[in-house]
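Fit chains B, C and D to the given chain A structure using the hints.
In case you want the letters, here they are:
4 protein chains.
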Amino acid sequence: MHRDRFYTLSASCPDQVGIISRVTGFIAEHGGWILESSFHADDITGRYFMRLEIRADSLPFLLAEFRERFRPLAGQLEMDWKITDSAVKKRVVVLVSQQEHCLYDLLARWQSKELNIEIPCVISNHDTFRGFVEWHGIPFHHVPVTPDNKLQAYAEVKRLFEEVRGDTMVLARYMQILSPELCLAYPGQILNIHHSFLPSFVGAKPYHQAYQRGVKLIGATCHYVTEELDQGPIIEQDVIRIDHSDSVADMVRYGKDIEKTVLARGLRYHLEDRVLVHGNKTVVFR
Amino acid sequence: MHRDRFYTLSASCPDQVGIISRVTGFIAEHGGWILESSFHADDITGRYFMRLEIRADSLPFLLAEFRERFRPLAGQLEMDWKITDSAVKKRVVVLVSQQEHCLYDLLARWQSKELNIEIPCVISNHDTFRGFVEWHGIPFHHVPVTPDNKLQAYAEVKRLFEEVRGDTMVLARYMQILSPELCLAYPGQILNIHHSFLPSFVGAKPYHQAYQRGVKLIGATCHYVTEELDQGPIIEQDVIRIDHSDSVADMVRYGKDIEKTVLARGLRYHLEDRVLVHGNKTVVFR
Amino acid sequence: MHRDRFYTLSASCPDQVGIISRVTGFIAEHGGWILESSFHADDITGRYFMRLEIRADSLPFLLAEFRERFRPLAGQLEMDWKITDSAVKKRVVVLVSQQEHCLYDLLARWQSKELNIEIPCVISNHDTFRGFVEWHGIPFHHVPVTPDNKLQAYAEVKRLFEEVRGDTMVLARYMQILSPELCLAYPGQILNIHHSFLPSFVGAKPYHQAYQRGVKLIGATCHYVTEELDQGPIIEQDVIRIDHSDSVADMVRYGKDIEKTVLARGLRYHLEDRVLVHGNKTVVFR
Amino acid sequence: MHRDRFYTLSASCPDQVGIISRVTGFIAEHGGWILESSFHADDITGRYFMRLEIRADSLPFLLAEFRERFRPLAGQLEMDWKITDSAVKKRVVVLVSQQEHCLYDLLARWQSKELNIEIPCVISNHDTFRGFVEWHGIPFHHVPVTPDNKLQAYAEVKRLFEEVRGDTMVLARYMQILSPELCLAYPGQILNIHHSFLPSFVGAKPYHQAYQRGVKLIGATCHYVTEELDQGPIIEQDVIRIDHSDSVADMVRYGKDIEKTVLARGLRYHLEDRVLVHGNKTVVFR
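One line per chain: the protein sequences are A, B, C and D, in this order. For the first sequence, my numbering begins at 1 and goes up steadily by one. For the second sequence, my numbering begins at 287 and goes up steadily by one. For the third sequence, my numbering begins at 573 and goes up steadily by one. For the fourth sequence, my numbering begins at 859 and goes up steadily by one.
Isolated chain A, as found in the complex:
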């Protein structure tokens, strides 16, 4: 949505007096124009978080030199940090099964440039959406997953992700549980949309569980994938009201609307480096 090219610096470090001053002082010294800035101090853990957008053309050097010059200060502050360039599109690999709502939704956002990304390929355990994906000019890979071939299948997914130099993997209602290897290989890079308001209704058939319990709202959760099923850091959640007249099939239908919206919001936060993972939680600078 920004008209101009900008860099996004996101970082965390132990809290102390003077962090904002020193970081923004460094930027100001070089004439850097800060477009957007967010800071958060976690009182409990004493960790400090920040995110800054800086106009690229306000700085007298490029990103490589920024990194070089910023490194000493980052070292003094014991920072975990990165800086990215809005002109470099993130490469998002989408994994789907046989439900279209998230896939159509993501491709519409990609098509309209609402999501400023490349989709180097779509991977699926079914061949259902080959035509639709290929019509958009995006390569489609059918990688079947059976009880017997899981190791090979996920090795193939990993190979494809590496081959296309993916930054982010999105499980857009993929309906398969990734192998621990894959989860561990890409921490903070794999996003899932779970069709319940976590931590309620972990695992399979959450709408059936919700129906059984008689809840009055159902939800969806976008989270980073970790080794433990549906236990990763939560990025975004939302809910929708239901009532006694709604069957499981109705919930599935309503649920799709929040699933795709929550996934799209969570993905955008992730792509814009608005999400900083902190233990099993997230700081999300909206």
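Please note: incorrect hints may appear among the correct ones.
Derived list of chain B stretches under chain A, where covered just means 3 residues or more per stretch with a C-beta under 8 Å from a C-beta of chain A [stated by the list, open to error]:
1. 480-486
2. 500-506
3. 530-539
Read the hints as simulated data drawn from the structure, not as lab findings. Think of the CB as a built atom: it goes at the ideal place given N, C-alpha and C, for glycine as much as any other residue.
Frame of chain A, contents of chains B, C and D only:
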């Protein structure tokens, strides 16, 4: 909200062809004017639910005679049913501890006649709100609860509830777990407000649990109390958005706003006989 | 979502004692199994509204005979009524301009059979989505609209709609104001999605108006099109929270998510005969 | 919610490179510990906004000296600014008529110290709540307002507000239109709760207007009072879903729940110096 006196018939029975026709036929036969009517068929269990509001002055007889005349049809349909009179105020006993938000809220609604009820007394394990409650002309009973006196304390609560001929007991953030005896004595008559979006975060300190898990919405649940803690039929729920900057104390503060609203909505549904319990779930005809 | 074929009877008539009884009595007499039923009395105007779903295989005759047999009772009750068959798909003509979010969303719902419809054609004043629409096997008509050719253009839209025997016309962010002739030709058949929470911000550039006024929520409204711009009966609305940091471009982006969801919900209510128009308002039996 | 005393600096100034750096540099220089910080650049007007919470005990001087020392920098940056002390409670004068929901709600929040304020008096055009207010130990002033005495009445309100050294005036469903003199005397100090989602349904009887238009959500708006009725800068808004079955009386009842919540949220933002007025809009740093 109705200008005129009306009767509310609520019922459930095994589903079959012709239920609505036979019940509304009975009413029409006597000239009964139906103000509001709701029906629900549960496909899974084959049970049928209904709620009807009938203008009192449109019928040529009083409630006692209605009951007498309706009984044969209800028998044929194997109905669980009841009919109540809007002119007879329900008697609601409120239990509180030391948090005022739900108490102030309920008394404001009682004062303004938004809730068409009598509050024959307020019971508390602390003496904190005696003055406030008594200023409203409502008797206040201090029944301390300690680890040692629970049996006697809940026996006293039961005695007071019986003495004032209570219809409904409301745990307005009462912070004590009722004895199984009390729960079993009044099924479908005791309402609790739990400060989480159940089934997430059952039991103590749900906001601490929510903080730990890093959820992005927190909620409140109004449910009927059963022997199993926080497992009773859910009447109403709602949520509010939070983010990483919110401490547990912030969540407690935000939470109060949904707790009191959800409790008030759930209580109103209950008082207007809009809630029909079905196993561990509810049908709520709003 | 119903497994079985059913008929939907929707009707309104002057209120009087015995309506439900007589209508459901007629159905019960023929063994009709009512799956879902909703009733509403408008106190102010004295008009009565109803909607009933009846299992097709529970009746001993087909729809034509139902209509024949029901007509006398409908006449006595002075009913406006219709009955439709879930096995007959409604024919929905979609009009779009150059924004894809509603189009992708509708086609995903059509593809997955969430919307039980035929889309006999898509009409657009631009050629942008020809490929996408035709890939789905749906005919695409490019009908350019210029200041000079409006009359002919809308005559052509009308001709196409008639040619494909359309039931419903959906303006899926069509961005053109239909001619009065077209509006008058299809009352209660043309749905629009307006990108504001009506009645706020009528007409052009509602997000710019919202930005100027500094509102804290933005919305979308699905309504029937009438001769007066953005004044037709409202079917569905929703809102999303924004804040001071959101530019007009951000609002446009957020707005798309509610626009497509609100349009899809409103369209489903319409297609399932859940919407009864009453003056400039709607009864929506969800 | 903060355990410790802190100062809140809120400011706006023309945007330029280096603002954050210079302001936080000044604070860091004196060892100031920043607890919370928010910044916003308005792209359209080129104005920059900020809010900082600084731990009082981290600074080597008191507020008076902070002001003295900060003044030169503020001058260079052409800032509008103020700094307040969390240990000094704001003095909030509440104006009510005959509806209790906002009054009970505010007093509950004051009682529980959720709102860290003094309420030096309540003023009403009716005597209805004298007992309730006085029971809380708060002076109550009955200032009747008639078509003939408006000038004197508002002069008396002004006199009382000055006498108790009020900081903020809250119209808690006051139902009277203040005189232009009063509005102009306290810009950004008088908060109103309007019972509609502005700009829809300005003026009297908004729920009747909403009923007539057939909207599917109703709302409430907390805004600063200006000379123009219901046109002042919006601080906070929210909505609640209704449907065709809701009468105006139902809307009034539902509306109360959002009115009191929206007012309380808006008031808290205001009291914590989270609201910066900018033309007819607000920046709200939540």
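Violated hints - listed by number, lowest first: none
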